[in-house]
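Taken in sequence, the protein lines are chains B and Z.
Numbered according to numbering that gives the first Met the number 0, the first sequence spans residues 0 to 600.
Numbered according to numbering that gives the first Met the number 0, the second sequence spans residues 0 to 375.
Source of the hints: derived by calculation from the structure; they are not laboratory data.
Please note that a few of the clues may not be correct.
Pulled a few chain Z residues facing chain B out of the computed Cβ check, cut under 8 Å [unchecked claim]: (1) MET0; (2) TYR4; (3) LEU304; (4) GLU305; (5) VAL368.
Which stretches of chain Z does chain B cover? Using the computed rule of at least three CB atoms under 8 Å from a CB of chain B, they are [as the list claims (entries may be wrong)]: (6) 205–215; (7) 261–272; (8) 360–366.
Note that the Cβ used here is the ideal one computed from N, Cα and C, for glycine as well.
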Amino acid sequence: MKNDYQKNIRNFCIIAHIDHGKSTLADRLIEMTGTVSQRDIKDQLLDTMDLERERGITIKSQAVRMIYERNGEEYELNLIDTPGHVDFTYEVSRSLAACEGAVLVVDASQGIEAQTLANVYLAMANDLEIIPVINKVDLPSARPDEIAKEIEDVLGLDASDAPRISAKSGENVQQVLDAIVDKLPAPSGDENRPLKALVFDSYYDNYKGAISYVRLIDGRVSEGTKIRFMASGKVFDTTEVGAFSPEFVPTKELKAGDVGYIAASIKNVADTRVGDTVTNDREPAAEALPGYKKITPMVYCGIYPADGAKYDDLRDALEKLQLNDASLLYDPEVSAALGFGFRCGFLGLLHMEIIQERLEREFDLDLVTTAPSVSYRVRMMSGEELEIDNPTNLPDPSTIEYMEEPIAKVSVMTPDTYVGAVMELCQEKRGTFKNMEYIESTRVLLHYEIPLNEIIYDFFDNLKSRTRGYASMDYEVSGYEKSDLVKLDILLNGEMCDALSIIVHRDRAYGRGRSIAEKLKEVIPRQMFEIPIQAAIGGKIIARETVKALRKDVLAKCYGGDITRKKKLLEKQKEGKKRMRQVGSVEVPSEAFMSVLKMDK
Amino acid sequence: MLGIYLHIPFCIKKCNYCDFVSVEHGELIDQYFSAVKNEIAATGKMYSRKVDSVFFGGGTPSLPEARYITGLLEALRQAFDVSADAEITLEANPCTLDRPKLAAYRAAGINRLSIGLQAAQDRLLAMLGRQHTKEGFERAYGLAREAGFENINIDMIYALPGQSLEDWQETLDFVLEKRPEHISAYALKIEEGTPLYREVQEGKLHPANEETDLAMYHAAQEAMAENDYTNYEISNFAREGFSCRHNLKYWNVRDYLGLGAAAHSCIDSMRFANTEDIEEYIKNLSGGVLRYAASEFLPEKERKLEYIMLKLRLKDGFTFFDYKSRFTKDFREEFPEEIRRAVFYGLVEMDDRGMRPTRRGFDLQNQLVSLLTENL
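Okay, chain B solo, but in the shape it has when bound:
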């Protein structure tokens, strides 16, 4: 039974592949509904982080309430902006669950991409009404008719009256607003039943604490409501509720069907996890909303301050980032080569890069990061089970019965001319072919199962270069499988460097060992002695390179007593040295620890 107030509410999100124009469309919608005054308008309004604007991606979910008039009635449109990357699939799924509908943006020249598909399937799984929109129709390469057909054939959606727009120029964007009102269902739900609100994101505010972004399914909440998070069991007193405009605007209460925020002096974002259900502590709902998952990191790496004295600064910075990002995990660890630092867990590679970049930019830290690793399951002879996310901690192989590694379901969308290249790459990466579908006459969707540790190595770079950028991919970790894994160690001048160890499949060890040794030879500067670089498995050397000794190194003459230049050179060298790590007797530049990951060729 729909309540009267609900019939004029529409909750929706926009799904699109990177660069297909999601943020631009959002900007236009906000602008055309007059939500943000003209003078406050800047590009990618909802992408508040510099990093988001620069990279053209959305990292954090945002929401905005827009008022739109149609046929003499006012409608409240709540747009929930979702992250657009595979690393954040779970977050996307929770944002979708908070909506009744989705606007699917497809680029009129590019067509459907792997991620579009993944997100559309997610939306369908959440029973969302989908409005397809064909964007960038003003580009000369646009082929809207073909794309409309593709949407119908591949996704089974009716695209006959899909708005054909240019989000950039604003052309036909009004049709999108009209379609949202006309086609998307209003929320249902009963304001008189016990409170049930879905947390789709959170934000840490210095004064208000962790603020939960919620969609109310049933019930109501207002200042003073004692709320309980059903997964964590934590209870708080509501201090404020409100809507997004897009800044926080306090309101009297939120009712079933509303999208808004709840502030309750929550100290820790971990207490308001994405996907959790908020209920009324005095009159709790019988059961929580489905779909909550405690997110577990998929990718791990060591992060160390380049300057050992900055350890505390790094810890403080991680603490601050975690305030807004409960999916970031970190634990102190010590490396013989790198000193004191942290083992950090991330949702995926992009998440890792973002965190590293934010640490360096927003906190002005110089970092040394190690190559990423996945989490392995180790079954010991003793029957004990271990989870190993740092290769250094792998026990002696003779004590291990077997090991398991995470496997990902990978889908790659590619023009059919590159099918051979993509298949070759997937084979190289120990992939198992599952099946292949034709999306349209010249585009193919390939399904593979590939070990996650191969994906985090250089899969994406390789895929892009082998398909000239035409292929797109999506992946999801599906489980663990037994695997013949070994620890590959790197010795510099005969001494093992723990920070360079990796876990790798036995068949790949020789190749990886060789390429790491070659890479290190390039990045380690020549020093006063010859430096052998060796790759070894359990004491057996499988690859060797040598950095030749430096034999002549004299600064130029100082002419007419001008020694300032020479001094500057020395200072520069000293700066460079600060970025070096002493591994035994060898000085290793910080970037060496990551460079082992970079693509061959």
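With chain B's structure known, arrange chain Z on it following the hints.
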């Protein structure tokens, strides 16, 4: 004691590898020299110390008519207490020297000439953009000896693009046969912004590799030693009693005063320099105004860095006594770990009195200095 450097920033044509301050047009010469005279007059009052070395560098100090140089020297003697046995050096380009000029220099008291040969192969000279030939050098050198110069330095550069070890050996033989009192042999450094740098960038020239550079350096050291030249500084060689007094002031971290555009000074731990802009320099000094473009009082840390960096260019290094008298600390107690490593890597030798670079320490001087000053 004070050393005085005078910068003469004029050249017929700037060499392809040169990035010192110098211009090719001579119309400013007159104004420039009167500006330097003004600077001499202005600074003369400030320093009562005896001057025991004067060095005309450039640019090409031998380019302007001799009267300009002798005029400066005269002004210098009036304003400063230049000692009777002061070493007075003038840098000369072979194609600018003639009998009357050399005679005028002698008469004015210039007692040391530094002549740039650089290489003894005309094709290499052309590549470097030098304005003279090997033959032109021979002529100039002969004239200088005839004029009575008994203390001559010959400048050479090695590790040139396209220079073979044989070329270099030939240059060494040619120079040693002349028996100059002093020889400088520098490895070419290809400086950004020079024509040579561009040609290397464009792939037209190929810089010498490190092996060749080292082989040439060692060949020079051997040839010099055989002919009784002492390698008293990394790139400088002298017969008994002919080390360059002026340049030793830099390496010994003694005071020197620089006059003229772009000239640098170091007096009582103050470092300062004139503007590199010749016209600005003329403008300042035409009104007798001393205006230093850069000046800094060196904190102890930097003075230590400079001390180590400069002293270890010398064969004799430094004594712990000298270090302590400057910095009131014992070097050995201050840098025990750094010293241990420098010795371990065979870069220095030590005894109770002091520390000096080994031959390897000369080869790897930059490494030696960075190592010792790492934690400074």
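For each hint, the structure was consulted:
1. Of the supplied interface hints, the one on MET0/Z is violated, with its beta-carbon coming no nearer than about 15 Å to a beta-carbon of chain B, more than 8 Å.
2. A distance limit of 8 Å between C-beta atoms decides the matter here; for TYR4/Z the minimum to chain B is near 5 Å, and the interface restraint holds.
3. Because the smallest distance between the Cβ of LEU304/Z and any Cβ of chain B comes to about 7 Å, under 8 Å, the interface hint for this residue holds.
4. Contact between GLU305/Z and chain B, as hinted, is supported at the beta carbon level, the nearest pair being about 6 Å apart and thus within 8 Å.
5. Taking 8 Å as the C-beta contact cut-off toward chain B, the hint placing VAL368/Z at the interface holds, the least distance being around 7 Å.
6. Against chain B, the stretch 205–215 of chain Z contributes 4 residues with a C-beta closer than 8 Å to a partner C-beta. That satisfies the three-residue criterion, and the hint holds.
7. Taking a C-beta to C-beta cut-off of 8 Å, the stretch 261–272 of chain Z contributes 7 residues in contact with chain B, enough for the three needed, and the coverage statement holds.
8. Coverage of the stretch 360–366 of chain Z by chain B holds. Counting CB-CB distances below 8 Å, 6 residues qualify, and the rule asks for three or more.
The earlier numbered hint that this structure contradicts is number 1, and it is the only one.
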